[in-house]
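*Asks:* Sequence:
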Amino acid sequence: MGSTHARAYQTLPGVEIAGIYARSGERAAPLAAEIGTVWTDELDTMLADPAVDAVDICLPTPEHRPATEAALAAGKHVLLEKPLALTEADADALVAQAAASDRIVMIAHVLRFWPEYVALREQVASGGFGPPRAGLATRRQPFPAWSALFSRSDLTGGAVIDMMIHDFDALNWVFGTPGAVTARGRRNPRSGGWDQVQVMIDYGDASALVDGGMMMPESYPFSSRFEVLCEQGALEYHFQAGGRSVEMGGGVNDLTLYPNSGDPQRLTPEQQDPYAAEVAYFIDCVRTGQPATRATPEDSRLALQVALAARRSLEEDGTPVSLPTTGTR
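If you count the sequence shown from 1, you need to add 5 to reach the working numbering.
Quick caveat, the hints were computed from the structure, so don't treat them as lab data.
Watch out, some of these pointers could steer you wrong.
To be verified - Cβ-Cβ distance ranges computed for the label pairs, FRET-style: (1) T45 to G132: 46 to 56 Å; (2) P269 to E21: 42 to 52 Å; (3) L272 to E236: 18 to 28 Å.
The beta-carbon is built from N, C-alpha and C at its ideal position, and this holds for glycine as well.
Using the sequences and the accompanying hints, generate a full structural model.
*Replies:* Here it is, written out as structure tokens:
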């Protein structure tokens with residue numbers, strides 16, 4: 006993800022990548038050469054540089070809290086890759102530090118900048134389809150064997166925390182504050198984590214089901230769906246890319262509106278790289294001093310609370326787990 010963010014910054018005028026920090030140069034050195042900067046394995050040295058205004062943290066999740074604390078202590082603005090943390094204690098600490106700081110702290114939940122998710126959420130928020138009552142999100146892919154990190158669910162949180170948190174956050178964005186979570190699933194012998202899971206989320210006057218994981222066959226394409234049923238219609242987004250699916254041919258990127266009366270409508274939002282949009286928003290907040298309200302630490306903590314509740318439910322054979330507060334959209 007660090008390379009994705011670095012290349013996204015390159016598209017922004019007036020932004021200079023001062024350097025790349027990494028624990029080794031295996032990937033960092035070629036990336037630094039590609040974008041015309043330097044790399045270092047000394048984080049303190051980079052943070053001490055007064056020319057550095059902001060830090061984009063894409064380290065493994067257990068390193069999120071110490072790296073963010075160090076960056077804020079050095080007076081840097083922070084864009085932190087999701088998930089916020091692996092534990093609620095670390096999440097609470099980061100939320101508190103962000104609130105106490107005069108620096109911008111934003112969490113990189115990229116679906117909040119994905120054109121089709123943004124358009125779908127705007128359609129629901131406009132009220133034209135009536136209140137949302139049910140949601141379905143799916144996110145499936147083969148096991149990411151390209152990174153040894155994913156064989157350690159204690160470092161990633163497994164699919165529930167590292168992958169499905171995208172959908173937990175997107176559903177909270179649409180439906181509001183969740184009240185309870187129930188989950189069933191399967192552990193992956195390759196990682197020891199809960200890597201194929203179904204999660205039911207109770208939103209009071211609405212509910213949503215999330216089905217996802219990283220145990221699909223290697224030939225399976227990355228696939229996601231996001232559906233919302235409202236009182237006056239339904240909205241559906243389907244995305245698919247990669248894999249060797251003969252039936253699907255090319256990728257799928259379809260957002261369709263289904264009103265209660267009338268014909269379905271294909272909606273085609275203006276296309277923009279969501280990662281470029283995400284980092285552009287962060288840079289704009291840094292330049293203007295406006296809070297990054299579109300993707301806050303509090304939002305990210307709420308998504309993590311859903312993920313942690315799902316994991317607890319999994320470990321307790323599907324027992325419902327209540328969240329701190331219940332609300333509606």
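*Asks:* All hints are to be evaluated individually against the structure, with a verdict given for each.
*Replies:* Structure-based check of all given hints:
1. T45 to G132: 46 to 56 Å: holds (51 Å)
2. P269 to E21: 42 to 52 Å: holds (46 Å)
3. L272 to E236: 18 to 28 Å: Given range 18 to 28 Å: holds, Cβ gap about 19 Å.
Hint check: no violations occur; every hint is consistent with the structure.
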